[in-house]
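A.B. asks: Given next are the chains, with one letter for each unit.
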Amino acid sequence: MNVIIVGCGRVGAELAKILDKDGHTVTMIDKDADAFGRLSDDLGVTRVVGDGTDMETLLRAGIKSADAFAAVTNGDNRNIMAAQIAQRMFEVPNVVCRIYDPLRQKTYKALGLRSISPTIVGAKLLRNDLYYPDGQATSPDRAIAAGDAVPLANPQHSGGPQK
Amino acid sequence: MYILIGGGGQVGYYLTRELMRQDHEVLLLDKDPARVAQLALELGAAVKRGDACEARTLDSVGCERADMVIAVTGDDEDNLVICQVAKERFGREKTIARVNNPANEKLFQKLGIYITVSPTNNILHLIEAQIPHHKLVPLITLSRVGLGLVEVTIPADSPAVGKAIRALELPTSVNVALIVRGENNITPSGDTIIESEDRLFALTTEDGEHVLRERVLTEDSAPADSLA
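Protein chains in written order, with the numbering used here: chain A, 1 to 163; chain B, 1 to 228.
Be careful, since some hints might not be right.
[Unchecked claim] Derived coverage of chain A by chain B (criterion: at least 3 residues anywhere in the stretch with Cβ under 8 angstroms from a Cβ of chain B; other residues may be distant):
no., region
1, 45 to 58
2, 74 to 81
[As the list claims (entries may be wrong)] In silico BS3-like links for lysine-lysine, alpha-carbon gap of 30 angstroms or less:
no., chain 1, residue 1, chain 2, residue 2
3, A, Lys109, B, Lys48
4, B, Lys48, A, Lys106
5, B, Lys94, B, Lys31
6, A, Lys31, B, Lys110
7, B, Lys110, A, Lys64
Source of the hints: derived by calculation from the structure; they are not laboratory data.
If you're wondering where the values come from, they're calculated on a predicted model, not measured in any experiment.
By construction, the Cβ of each residue, glycine as well, lies at the ideal position given by its N, Cα and C atoms.
Model the full assembly from the supplied sequences, consistent with the hints where possible.
C.D. replies: See below:
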């Protein structure tokens, strides 16, 4: 499938790498061309310099034929706006964004916007590690978070994005 | 009225000052402590440091009793979120957002912002109004009720010249509210005869706007004209 990612920070670059390895067609948008340095050269990721909340930039990135869209810049509001443009103006079927502020996430959940809050996920994982310092509570999520290698779920089998 | 304003730039500052003069209760929020300190010298307790995008901040300033929430920061994404949070979380219907990128106006309206104000578009419209043959100018959009206020200057060769408003057979979605003829303001009725160079102000839906354009403008003054 065609995926557009807005924001080539650490998360965006990592997501692009994973999706590229899964065989998807990835287009990355970032305002700063230097940010594309986070993508290794062997990835087939299309790079578009521009503002992910600007409809002309999104059109240039091929949003009309996008199957999925992820907004992961370092600004909650930019992500919220980019995701809403993708969802409401271009009717991309699969849209998700990152929102650090849990209260804001709640508000937008009520408005039908899917999001991930690293704040809540991170705090809970840290709590588990503090309670179980010897790693008794090891779970796949915790292992990934701690940097231990765990094979990712196969997207074909987990109801994930189809190619 | 209690009016909450997000964004203490030039627009936020003058807006707060004018609204205070009109005896409204105004609270201006800005994220930057240095800017807040500077504004407070003149505006006093009407300025508070805080991020208007955050529900916690809005809660602490009594957003749920605000009659109006106005977002005038320099960033469209912040203005959008301020208005959406005020509406969704605090049930505020009257939200006004400044839109910097004119392309975002449609998006904001679609996302339920009550009124959008685009300085860029306004200036463009004013320039367009100065150009002959471009005669229908949108002035303000009231997205909640699906209406816009438009101004149209009747050209000499308009098919409407010499006709009564009634004879234009405008749909009910077009409401001609005012005619400015030279120095005079005329409250029009169905019998009012339209003259060349009349400035017509009408409240209309988007569809109604096309009909109005058709009935009072000639073909070469159609919307295909652009600044270029």
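A.B. asks: Looking back at the numbered hints, which does the structure fail to meet, lowest number first?
C.D. replies: Hints that this structure does not satisfy do not exist here, as all of them hold.
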